[in-house]
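According to the numbering used here, the sequence shown holds residues 6 to 87 in order.
It is possible that some hints are incorrect.
Pair by pair, the computed Cβ-Cβ distance ranges are [said to hold, decoys possible]: (1) Ser-83 / Glu-35: 27 to 35 Å; (2) Glu-84 / Glu-15: 15 to 23 Å; (3) Arg-12 / Glu-47: 16 to 24 Å; (4) Asn-37 / Ser-83: 28 to 36 Å; (5) Pro-45 / Cys-20: 14 to 22 Å; (6) Ser-36 / Glu-84: 28 to 36 Å; (7) Lys-85 / Ile-32: 17 to 25 Å; (8) Glu-35 / Asp-75: 29 to 37 Å.
Note that these hints are calculated values from the structure, not bench results. Heads up, the beta-carbon is just placed ideally off N, CA and C, and yes, glycines get one too.
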Amino acid sequence: MSFSEIRQKEVINVCDGRKLGRPIDLILNESNCVEAIVVPAESGGIINFFRQDKEGCVIPWSRVRRIGDDVILVEVDSEKFC
6 MSFSEIRQKE VINVCDGRKL GRPIDLILNE SNCVEAIVVP AESGGIINFF RQDKEGCVIP
66 WSRVRRIGDD VILVEVDSEK FC
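Starting from the given sequences, assemble the full structure and let the hints guide the process.
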């Protein structure tokens, strides 16, 4: 699957059903394996467990539960998500 296909999908938190937006970036490790996806940061968001970079909030790949035709389902704690 290419990044152009991934960025077309809506990221949804399965914990509360909240739409987190579409991926704006991927973080790769030295082996070119995906480590995390980046979604747009909400203005005034809280930074706790999840790192916030200049453009968005980073969701570890281990939190991705399923990639469907139109959505990427993630499991993140809403109170700790930026």
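**Pairwise beta carbon distance, Glu-84 to Glu-15, judged against the given window 15 to 23 Å** = 21 Å, holds
**Request:** Confirm or reject the claim that Lys-85 and Ile-32 have a C-beta distance inside 17 to 25 Å.
**Result:** Since the Cβ atoms of Lys-85 and Ile-32 sit about 19 Å apart, the hinted range of 17 to 25 Å holds.
**Prompt:** Using the C-beta atoms of Ser-36 and Glu-84, is the stated range 28 to 36 Å upheld?
**Reply:** 33 Å, holds
**Range agreement (Cβ of Glu-35 with Cβ of Ser-83, hint 27 to 35 Å)** = With a Cβ separation near 32 Å, Ser-83 and Glu-35 satisfy 27 to 35 Å, so the hint holds.
**Item:** Satisfaction of the hinted span 28 to 36 Å by the C-beta atoms belonging to Asn-37 and Ser-83
**Value:** 31 Å, holds
**Prompt:** Could one say that the CB atoms of Glu-35 and Asp-75 fall in the range 29 to 37 Å?
**Reply:** 31 Å, holds
**Prompt:** Does the Cβ-Cβ separation between Pro-45 and Cys-20 fall within 14 to 22 Å?
**Reply:** 19 Å, holds
**Prompt:** Do Arg-12 and Glu-47 keep their Cβ atoms within the hinted range of 16 to 24 Å?
**Reply:** Holds - the Cβ-Cβ distance for Arg-12 and Glu-47, about 18 Å, lies within 16 to 24 Å.
Hint check: no violations occur; every hint is consistent with the structure.
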